[in-house]
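Fit chain B to the known structure of chain A by using the hints.
Protein sequences appear in the order of chains A and B. Counting in the working numbering, the first sequence runs from 1 upward without gaps. Counting in the working numbering, the second sequence runs from 1 upward without gaps.
It cannot be assumed that every hint is accurate.
[Claimed, not checked] No more than 25 Å apart at the CA atoms, straight line, and that leaves these computed lysine-lysine pairs for DSS-like:
1) Lys73(A) <-> Lys57(A)
2) Lys70(B) <-> Lys97(A)
3) Lys97(A) <-> Lys53(B)
4) Lys97(A) <-> Lys57(B)
5) Lys97(A) <-> Lys71(B)
6) Lys57(B) <-> Lys102(A)
7) Lys55(B) <-> Lys97(A)
8) Lys57(A) <-> Lys22(A)
9) Lys9(A) <-> Lys65(A)
10) Lys3(B) <-> Lys57(A)
11) Lys97(A) <-> Lys3(B)
[Claimed, not checked] Quick partial rundown of chain B residues pointing at chain A, CB under 7 Å, derived from the structure:
12) Leu43
13) Gly63
14) Tyr64
15) Glu102
16) Glu107
It should be emphasised that the hints constitute simulated quantities derived from the structure, not laboratory data. All figures in this text were calculated on a predicted structure; none of them were measured in a lab. The beta-carbon is built from N, C-alpha and C at its ideal position, and this holds for glycine as well.
Here is what each chain is made of, one letter per residue.
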Amino acid sequence: AQRVTQPEKLLSVFKGAPVELKCNYSYSGSPELFWYVQYSRQRLQLLLRHISRESIKGFTADLNKGETSFHLKKPFAQEEDSAMYYCALSPAGANSKLTFGKGITLSVRP
Amino acid sequence: DVKVTQSSRYLVKRTGEKVFLECVQDMDHENMFWYRQDPGLGLRLIYFSYDVKMKEKGDIPEGYSVSREKKERFSLILESASTNQTSMYLCASSYAGAVTGELFFGEGSRLTVL
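So that you can see chain A by itself, here it is in the shape it has in the complex:
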């Protein structure tokens, strides 16, 4: 069985500070990892996926298989980054049945 752990419920930083949202996973096979974001009063949406190795809105995430982690990082936080962030895992090749973590609220203060 797969599991996604987001150890923190809330992260509060000042604008311009670096951000790291932690995500650890447990899965015996080769997983695909994702970060989803939900801004206030908006629907949940995909932020980025590890296979794309892309930077979205200044966020990056690197899959570390040795540490089974997929932490989300941004060097300089902006107020508009304030949102709920969910890490999610899918077994490779599966029909995108995602297992989500419990989520973390990021609050960026001016």
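Relative to chain A, chain B alone:
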């Protein structure tokens, strides 16, 4: 743009009532999902469907059933609502075999059971 529409944004029901939550997607997606979103618990999968008339249990199916008679529509049914089913319910859809893991979500249906 992919659109996933949940017909009811807010519902208030009484214990024991039968509740229907409807979800429609307009992108011909094969896969559809129902999640429950609770503070501190994240998103938990209730049921999903890979095709018309097909359904599979997710992680927390107890107290729920689903119906998928048409490809674009996926209904969640609470046969006898209970107070512990008060929650935000999210419907999602995706392409079959999508390895990108991109689920498209609806805006959610907030259900309160009194």
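These are the hints, each one checked on the structure:
1. A threshold of 25 Å between alpha carbons decides the hint, and for lysine 73(A) with lysine 57(A) the separation of about 11 Å falls inside it, so the pair holds.
2. Taking the CA atoms of lysine 70(B) and lysine 97(A), the gap is near 20 Å; set against the 25 Å cutoff, the hint holds.
3. Restraint check: the Cα-Cα separation between lysine 97(A) and lysine 53(B) comes to about 18 Å, which is no more than 25 Å; the hinted pair holds.
4. Restraint check: the Cα-Cα separation between lysine 97(A) and lysine 57(B) comes to about 11 Å, which is no more than 25 Å; the hinted pair holds.
5. For the given pair, lysine 97(A) sits about 18 Å from lysine 71(B) by alpha-carbon distance, which is consistent with the 25 Å threshold.
6. Our distance criterion of 25 Å between C-alpha atoms is met by lysine 57(B) and lysine 102(A), whose separation comes to about 20 Å.
7. A C-alpha spacing of about 13 Å is found between lysine 55(B) and lysine 97(A), which places the hinted pair at or below 25 Å, so the restraint holds.
8. About 18 Å separates the Cα atoms of lysine 57(A) and lysine 22(A), which keeps this hinted pair within 25 Å; it holds.
9. Of the supplied pair hints, the one linking lysine 9(A) and lysine 65(A) holds, its CA atoms being roughly 23 Å apart against a limit of 25 Å.
10. The straight-line distance between the Cα atoms of lysine 3(B) and lysine 57(A) is roughly 23 Å, inside the 25 Å bound, and the hint therefore holds.
11. Only pairs whose Cα atoms come within 25 Å are accepted, and lysine 97(A) paired with lysine 3(B) is accepted, the gap being roughly 19 Å.
12. Satisfaction of the interface hint for leucine 43(B) is found here, the shortest Cβ-Cβ separation to chain A being roughly 4 Å, below the 7 Å cut-off.
13. For glycine 63(B), the interface hint is violated, since its Cβ never comes within 7 Å of a Cβ in chain A; the closest pair sits about 20 Å apart.
14. Given hint, tyrosine 64(B) at the interface with chain A, is violated; its Cβ is 17 Å from that chain's nearest Cβ, farther than 7 Å.
15. The beta carbon of glutamate 102(B) is positioned within 7 Å of a beta carbon in chain A (closest approach about 5 Å), and the interface hint is therefore held.
16. With a cut of 7 Å, the hint placing glutamate 107(B) at the interface with chain A holds, because the nearest CB-to-CB distance is about 5 Å.
In this structure, the hints that do not hold are numbers 13, 14, in rising order.
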